[in-house]
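Trainee: These are the residues of each chain, in order.
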Amino acid sequence: MTNAVVRALELVARQAAHAGDAGADPARCSACGHIDTVLAQRSGGVVVRHGRAVAKAHAEATDPLDHRARLAVAAHPLLAGILLPPLTTAAENAAGRPVTAWPYGAPVDPDDPEAAPWEQAGALVARLHSVPLEAVRADGLPYMRGPAKAARAVARMRAAGPRPAAVPVERAWERLPAWARDEAAPPGPYALCHGDLHLGQLVRHPAPDGPWLLIDVDDLGIGDPAWDLARPAAWYAAGLLPVEIWRRFLGAYRAARGPAAPLADDPWPRLDIPARALTVQTAALAIAKSAAENRDLDEVERLLVDACARIAALPAQLESAPDPASSS
Amino acid sequence: MQCPKCRAAMHTYNRNGVQIEQCSGCRGIFLDYGELEALTRLESQWAQPAPPVPPAPQAYPAGSAPAWGAPHHGGHHGGHHRHKSFGRMLFSS
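Quick note, the sequences are listed as chains A and B, same order. Under this note's numbering, residues 135 to 462 are what the first sequence spells out, in order. Under this note's numbering, residues 1273 to 1365 are what the second sequence spells out, in order.
Honestly, the hints are just simulated from the structure, not real lab data. Ideal Cβ positions, reconstructed from N, Cα and C, are used throughout, including at glycine. Heads up, some of the hints might be wrong.
Coverage of chain A stretches by chain B, computed from C-beta distances (three or more under 8 Å per stretch; other residues unrestricted) [to be verified]:
1) 236-248
2) 274-285
3) 329-338
4) 366-375
5) 424-434
Listed below are several chain A residues computed to face chain B (Cβ distance under 8 Å; list not exhaustive) [said to hold, decoys possible]:
6) Gly178
7) His210
8) Arg309
9) Ala409
10) Leu437
11) Ala441
12) Ile445
13) Leu448
Restricting the straight-line Cα-Cα distance to at most 20 Å, the calculated cross-link-like pairs of lysine to any residue (SDA-like) are [as the list claims (entries may be wrong)]:
14) Lys1356/B <-> Ala293/A
15) Lys423/A <-> Lys1277/B
16) Lys1277/B <-> Cys1298/B
17) Lys1356/B <-> Arg429/A
18) Lys1356/B <-> Ser424/A
19) Lys1277/B <-> Ile1292/B
20) Lys423/A <-> Gly179/A
21) Lys423/A <-> Pro251/A
22) Lys423/A <-> Gly178/A
23) Lys423/A <-> Ser1357/B
24) Lys1356/B <-> Val377/A
25) Lys423/A <-> Arg1360/B
26) Lys1356/B <-> Glu433/A
27) Lys1356/B <-> Pro251/A
28) Lys423/A <-> Cys1298/B
29) Lys423/A <-> Arg292/A
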């Protein structure tokens, strides 16, 4: 089944890569010299590269209408220079999964996270959040899937069976407001959000030294823009991300007038709830993963569980952080 | 210059940026026009605390942290293992 998906993606990637070439036979592609490369293969998506194009099979559970609306945002002229646009917006399918074709972009060097484009990431997210919603909402943009992903991570942790490390994670999760657990609509004001920001979501296009752009619209939608800052915020709060890197990221976001962290305000009242949710999400995934691999938590994963324990131990009066609607 | 009182020689001294002449005989002091005011001004500045500098519009420090934040921030303590595991985390959902 997965092989069938990869095979279908190879064909889509070849077609996309050779779309402008006269007389090219994408099914054979013998003369072009490119080999098909599987860039990623996870439950959430399979990505195959062929030369200057990549094809992605999205998760099976992808809602077709939501998917189309998200794809339309990536293709929208207002998103030029912010989000990588797709090569086609036509709906294709491989074994029941939606398939899309994109230009190939050069990713962040995984061996050198400090050289990663933290400033560009902050500025791009600020620009994404500043896109006027009414201009891109015509197709009925769904909610950003950040809280849904946090809830899914907790479900995965529970499915792995009871573990001592899960106790503080559950307790920190319980103390989050319903919207952050994907049990209620998020508070406004809404902005266009990426929904799953991390260093794997940035590429240079054209490769290898074009400008940095955001990729992956699978979780994109309207919601609380602070969520997009929350993963680095959670890493920083857990003591994992050095303060200099956090400053580079947040500073660039604020300098670009990102709405979730106005320059003169303490950013934490806005960041607190999403950062707690991302701490829980990351810890829950770590517990699920360590259970699947039949191993103990490593040092980094334990720091996230420790952060959950500190959240769980917060005095009750600190629980009600101001919601984003009232602080802007 | 000679002292107008005792005719002894006067020597120039610098007191906090103000030139004053003092007689080497009777120790009398001669002040040029404006120098008394300059000394008075210096004295009052010395006595009063400096006027507060109006704070420049400043960004809230990005180094702040939530109440539940880790006690030690930003270190690269921890070995290669930690670095590698966090490195993977930086790139995953």
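Trainee: A separate judgement is required for each hint: does it hold in the structure or not?
Mentor: Hints versus structure:
Evaluation of the coverage hint for the segment 236-248 of chain A: fulfilled, as 4 residues show C-beta separations to chain B shorter than 8 Å, against a requirement of three. For a cut-off of 8 Å, the count of residues in the segment 274-285 of chain A with a CB near a CB of chain B stands at 1, and the three-residue condition is violated. Counting residues of the segment 329-338 of chain A whose CB lies closer than 8 Å to any CB of chain B gives 4, so the stated coverage by that chain holds, three being the minimum. Counting residues of the segment 366-375 of chain A whose CB falls under 8 Å from any CB of chain B gives 7; the rule of at least 3 is met.
Counting residues of the segment 424-434 of chain A whose CB lies closer than 8 Å to any CB of chain B gives 3, which reaches the minimum of 3, so the coverage claim holds. A cut of 8 Å between beta carbons decides the hint on Gly178/A: the least distance to chain B is about 7 Å, and the hint holds. At its closest, the beta carbon of His210/A sits 24 Å from a beta carbon of chain B; the interface hint therefore is violated under the 8 Å criterion. Taken as an interface hint, Arg309/A does not check out: its beta carbon lies about 10 Å from the nearest beta carbon of chain B, beyond 8 Å.
Hint status for Ala409/A relative to chain B: holds, with the closest Cβ pair at about 7 Å, below 8 Å. Because the closest C-beta pair between Leu437/A and chain B is about 7 Å apart, less than 8 Å, the hint holds. Checking Ala441/A against chain B: minimum C-beta separation of about 6 Å stays under 8 Å; hint holds. For Ile445/A, the interface hint holds, since its Cβ comes within 8 Å of a Cβ in chain B; the closest pair sits about 5 Å apart.
Against a cut-off of 8 Å between C-beta atoms, the interface hint on Leu448/A holds, since the closest Cβ of chain B lies about 6 Å away. For the proposed pair Lys1356/B and Ala293/A, the alpha carbon gap of about 27 Å is over 20 Å, so the pair is violated. About 98 Å separates the Cα atoms of Lys423/A and Lys1277/B, which puts this hinted pair outside 20 Å; it is violated. At roughly 8 Å between alpha-carbon atoms, Lys1277/B and Cys1298/B fall within 20 Å of each other, so this suggested pair holds.
For the hint pairing Lys1356/B with Arg429/A, the CA-to-CA distance comes to about 16 Å; that is within 20 Å, so the pair holds. Between the alpha carbons of Lys1356/B and Ser424/A the distance comes to roughly 16 Å, so the proposed pair stays at or under 20 Å and holds. At roughly 16 Å between alpha-carbon atoms, Lys1277/B and Ile1292/B fall within 20 Å of each other, so this suggested pair holds. Only pairs whose Cα atoms come within 20 Å are accepted, and Lys423/A paired with Gly179/A is accepted, the gap being roughly 18 Å.
Taken as a hint, the Lys423/A and Pro251/A pair is broken in the structure, with Cα atoms around 28 Å apart against an allowance of 20 Å. Pair hint Lys423/A plus Gly178/A holds up; C-alpha atoms about 15 Å apart against a cutoff of 20 Å. Taken as a hint, the Lys423/A and Ser1357/B pair is honoured in the structure, with Cα atoms around 13 Å apart against an allowance of 20 Å. For the hint pairing Lys1356/B with Val377/A, the CA-to-CA distance comes to about 18 Å; that is within 20 Å, so the pair holds.
Between the alpha carbons of Lys423/A and Arg1360/B the distance comes to roughly 13 Å, so the proposed pair stays at or under 20 Å and holds. With a C-alpha separation of about 11 Å, the suggested pairing of Lys1356/B with Glu433/A holds against the 20 Å cut-off. Between Lys1356/B and Pro251/A the CA atoms are separated by roughly 19 Å; this keeps the pair inside 20 Å, and the hint holds. For the suggested pair Lys423/A and Cys1298/B, the alpha carbons sit about 93 Å apart, so the restraint of at most 20 Å is broken.
For the hint pairing Lys423/A with Arg292/A, the CA-to-CA distance comes to about 12 Å; that is within 20 Å, so the pair holds.
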